[in-house]
Amino acid sequence: MIQLSGITRIFHMGDQAIHALDHIDLTIESGEYVSIMGPSGSGKSTLLNVIGLLDRPDSGHYLLDGRNVTDLSETEQAQVRREKIGFVFQSFHLIPRLTAAENIELPLILTGMPPADRKIRIMETLQAFNLSDRAHHRPAELSGGQRQRVAIARATILRPTALLADEPTGNLDHRIGSEVAALLEALNQTGTTLIVVTHDRELGSRARRRIAMRDGQIDVDER
Amino acid sequence: MKLRDLLHFSLRTITSYPARSFLIMLAMALGVAAVIILTALGDGARQYVVNEFSSIGTNLIIVLPGRAETAGSFPGAVMGQTPRDLTLEDAHWVGRLPQVRRYAPLNVGVAELSATGKLREVTLMGTTAEIFPIRHMKLAQGRFLSHSGENSAQIVLGAKIAQEFFPDGNALGQRVRLGDRRFLVTGIMAVQGESMGFNSDELVIIPIQHAQTLLNTTSLFRLLIETRHHNEIENAKEAIHQALIRRHDGEDDVTVIAHDAVLATFDRILRALTLGVAGIAVISLAVAGILVMNVMLVSVSQRTAEIGLLKAIGTPASAIRHIFMAEAVWLSVTGAFAGFVLGQAGSWLLRLAYPLLPAWPPLWANFAGIAVAVLAGVLAGLLPAIRAAKLDPVMALSKR
Numbered sequence: 001m002i003q004l005s006g007i008t009r010i011f012h013m014g015d016q017a018i019h020a021l022d023h024i025d026l027t028i029e030s031g032e033y034v035s036i037m038g039p040s041g042s043g044k045s046t047l048l049n050v051i052g053l054l055d056r057p058d059s060g061h062y063l064l065d066g067r068n069v070t071d072l073s074e075t076e077q078a079q080v081r082r083e084k085i086g087f088v089f090q091s092f093h094l095i096p097r098l099t100a101a102e103n104i105e106l107p108l109i110l111t112g113m114p115p116a117d118r119k120i121r122i123m124e125t126l127q128a129f130n131l132s133d134r135a136h137h138r139p140a141e142l143s144g145g146q147r148q149r150v151a152i153a154r155a156t157i158l159r160p161t162a163l164l165a166d167e168p169t170g171n172l173d174h175r176i177g178s179e180v181a182a183l184l185e186a187l188n189q190t191g192t193t194l195i196v197v198t199h200d201r202e203l204g205s206r207a208r209r210r211i212a213m214r215d216g217q218i219d220v221d222e223r
Numbered sequence: 001m002k003l004r005d006l007l008h009f010s011l012r013t014i015t016s017y018p019a020r021s022f023l024i025m026l027a028m029a030l031g032v033a034a035v036i037i038l039t040a041l042g043d044g045a046r047q048y049v050v051n052e053f054s055s056i057g058t059n060l061i062i063v064l065p066g067r068a069e070t071a072g073s074f075p076g077a078v079m080g081q082t083p084r085d086l087t088l089e090d091a092h093w094v095g096r097l098p099q100v101r102r103y104a105p106l107n108v109g110v111a112e113l114s115a116t117g118k119l120r121e122v123t124l125m126g127t128t129a130e131i132f133p134i135r136h137m138k139l140a141q142g143r144f145l146s147h148s149g150e151n152s153a154q155i156v157l158g159a160k161i162a163q164e165f166f167p168d169g170n171a172l173g174q175r176v177r178l179g180d181r182r183f184l185v186t187g188i189m190a191v192q193g194e195s196m197g198f199n200s201d202e203l204v205i206i207p208i209q210h211a212q213t214l215l216n217t218t219s220l221f222r223l224l225i226e227t228r229h230h231n232e233i234e235n236a237k238e239a240i241h242q243a244l245i246r247r248h249d250g251e252d253d254v255t256v257i258a259h260d261a262v263l264a265t266f267d268r269i270l271r272a273l274t275l276g277v278a279g280i281a282v283i284s285l286a287v288a289g290i291l292v293m294n295v296m297l298v299s300v301s302q303r304t305a306e307i308g309l310l311k312a313i314g315t316p317a318s319a320i321r322h323i324f325m326a327e328a329v330w331l332s333v334t335g336a337f338a339g340f341v342l343g344q345a346g347s348w349l350l351r352l353a354y355p356l357l358p359a360w361p362p363l364w365a366n367f368a369g370i371a372v373a374v375l376a377g378v379l380a381g382l383l384p385a386i387r388a389a390k391l392d393p394v395m396a397l398s399k400r
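Quick note, the sequences are listed as chains Y and A, same order. Note that UniProt numbering gives residue 64 to position 64 of the first sequence, counting from 1, and the numbers run on in steps of one. Note that UniProt numbering gives residue 149 to position 149 of the second sequence, counting from 1, and the numbers run on in steps of one.
Worth double-checking, as some hints may not be accurate.
[Claimed, not checked] As a list, the in silico EDC-like pairs of lysine to aspartate or glutamate whose alpha-carbon atoms are at most 20 Å apart:
1. LYS119(Y) / GLU112(A)
2. LYS390(A) / ASP55(Y)
3. LYS160(A) / ASP85(A)
[What the hints assert, rightly or not] Beta-carbon label-pair distances, calculated as ranges:
4. ILE386(A) / ALA186(Y): 26 to 34 Å
5. SER30(Y) / ILE386(A): 33 to 41 Å
6. ASP133(Y) / ILE386(A): 40 to 48 Å
7. ILE120(Y) / LEU349(A): 47 to 55 Å
8. ASP117(Y) / ALA345(A): 19 to 27 Å
[Said to hold, decoys possible] Listed below are several chain Y residues computed to face chain A (Cβ distance under 8 Å; list not exhaustive):
9. ILE109
10. LEU110
11. GLY112
The hints are simulated quantities; they were obtained by calculation from the structure and are not laboratory data. Think of the CB as a built atom: it goes at the ideal place given N, C-alpha and C, for glycine as much as any other residue.
Required output: the full structure, derived from the provided sequences and hints.
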């Protein structure tokens with residue numbers, strides 16, 4: 001469960017202070033499917049980054065599964081990210097020199113899992129994401145849809161409680177995009193909280209809960 | 001992140017940029033190779049000189065007539081006297097000192113040698129039989145003056161001279177003419193080659209009295225003395241010096257050199273020289289270290305998005321630091337070992353090109369070369385690693 005109260009994030013541009021997030025209060029229950037929409041600069045990505053502990057709010061409190069994570073040290077935050085949060089990005093962010101299997105393996109390496117166990121886990125994951133025949137291909141040899149599937153596999157291999165997707169279909173054509181959306185929704189069906197930030201009205205409207213942001217504030221919150 | 005995974009991950013990175021990695025390693029390797037080859041050269045030169053000196057014995061004392069330093073005028077100078085000669089009698093007198101094991105007076109000159117209708121100029125050495133053990137010279141055939149008192153007209157020919165005059169190898173027992181005197185060939189020296197500027201293969205040895213007559217001198221060129229014990233050398237040197245001063249009516253007109261001291265001085269000088277060239281070579285390692293740092297810094301900025309991703313999937317800052325450090329360590333360690341191999345090959349080539357020079361890199365240089373290279377690599381990796389770990393993840397991820 002994600003509980004934000006009074007979250008404010010201010011960016012300074014020259015002598016101008018921009019309120020990317022302006023006293024946001026938001027609660028997202030476990031297993032929810034939320035889309036966050038809004039024009040550029042409305043603060044939707046910043047909100048996602050704060051939820052994903054990539055960015056620190058200037059004020060306010062953030063409780064993740066009942067634990068105050070606002071004031072954790074960097075190392076502790078890294079551990080929370082590793083265990084509870086998965087990220088999916090518009091540009092996939094796969095490491096180009098590693099194969100699909102190796103990219104998926106990264107989070108497992110961080111946990112210090114022995115290589116033999118990792119191997120089994122990767123095999124299972126590749127199978128689940130229908131990537132078995134692409135295991136030893138590098139990202140450059142994969143299609144966009146395959147790349148995003150690898151990225152989603154990497155984000156979910158440690159079974160995080162929340163999956164945060166920033167424009168997950170932004171670099172994909174319509175057909176592949178909806179396949180990826182369906183994949184994310186399938187993961188949501190198994191209990192993972194899914195938060196999608198998007199420009200795309202069609203993708204945004206698929207969510208059960210739709211939040212619209214404007215100027216760092218929540219404008220609409222409908223279910 | 002486990003060490004094994006860390007090393008594997010960073011190795012994957014290095015092999016993904018082969019040209020870049022190869023060039024850095026090459027820089028490191030050349031630095032290490034320079035240290036090894038230059039110290040091999042320096043130490044080889046040192047060993048060469050030390051060997052040359054050792055070949056004529058380490059508990060050797062050399063007496064020269066005259067003073068080695070300019071120290072005002074001696075009393076005799078006013079009366080037009082020159083310093084006293086170092087005579088054969090002086091030599092026998094010194095030889096009776098208890099510290100002396102054996103001694104060999106020495107006169108050196110040039111004379112014409114003729115036999116079997118051939119003629120050539122040779123360097124002659126007048127001495128006693130003791131010269132052989134003192135200078136570690138060996139006879140191939142025959143013998144020379146069976147005891148030092150003997151004074152017959154014997155001659156020992158250098159190996160090359162014997163070969164030139166008696167190609168059939170029947171030199172022993174033949175008569176030869178040296179200057180205006182006839183000598184009986186009683187010995188042939190073993191082939192020894194050059195030592196201390198003397199080529200004993202082109203030398204003839206005759207008894208000291210004959211040499212002094214032939215060269216028309218009563219003054220010795222040198223007096224070589226071997227002491228009983230190596231640790232007695234300072235004491236013996238002093239005793240010999242005092243004995244000669246007494247014999248010369250209190251006149252200090254000889255120079256007594258412990259051969260060891262000369263050796264030690266050369267050893268020191270050449271060691272310092274070796275360290276000097278090693279120091280210069282280490283500078284090239286520092287340059288290689290800076291190169292590693294530069295490339296790693298470029299790498300950090302090229303891989304900003306990757307660092308952002310690593311942070312997003314929960315890599316702690318310490319692990320990111322380790323990843324970049326490990327890359328620097330890989331590069332410098334492999335570079336250092338390549339350099340080690342290169343350096344050994346280089347010294348081998350040196351030894352091949354100059355067989356006289358024992359150009360073996362000293363052990364410390366091998367270790368120091370590798371250690372400095374690895375240290376430079378680690379230090380060079382530090383700054384880029386810290387910079388990578390400090391990157392703001394949001395900013396890093398937004399970079400493509």
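Q) Within 20 Å, alpha carbon to alpha carbon, are LYS119(Y) and GLU112(A)? A) 91 Å, violated
Q: With 47 to 55 Å as the target window, see if ILE120(Y) and LEU349(A) comply at their CB atoms.
A: 53 Å, holds
Q.
Quick check on the hint: ILE109(Y) CB to chain A CB, less than 8 Å?
A. Since the shortest Cβ distance to chain A is 5 Å, the answer is holds.
Q | Pairwise beta carbon distance, SER30(Y) to ILE386(A), judged against the given window 33 to 41 Å | A | 38 Å, holds
(Q) Hint GLY112(Y) vs chain A: min CB-CB distance below 8 Å? (A) Since chain A brings a Cβ to about 5 Å from GLY112(Y), closer than 8 Å, the hint holds.
Q: For ASP133(Y) and ILE386(A), compare the CB-CB distance with the range 40 to 48 Å and indicate the outcome.
A: Taking Cβ atoms as reference, ASP133(Y) and ILE386(A) lie about 41 Å apart, which means the hint holds.
Q | Restraint check, 8 Å cut-off on beta carbons, for LEU110(Y) near chain A | A | 6 Å, holds
Q | Hinted pair LYS390(A) and ASP55(Y), Cα distance within 20 Å | A | The given pair, whose Cα atoms are some 13 Å apart, holds under the 20 Å limit.
Q. Does ASP85(A) lie within 20 Å of LYS160(A) when you go C-alpha to C-alpha?
A. 33 Å, violated
Q.
Can you tell me whether the CB distance of ILE386(A) to ALA186(Y) sits inside 26 to 34 Å?
A. For ALA186(Y) against ILE386(A), whose Cβ atoms are near 42 Å apart, the range 26 to 34 Å is violated.
Q | Outcome of range test on Cβ distance (ASP117(Y), ALA345(A); 19 to 27 Å) | A | 45 Å, violated
In the structure shown, a violation is registered for the earlier hints numbered 1, 3, 4, 8, in ascending order.
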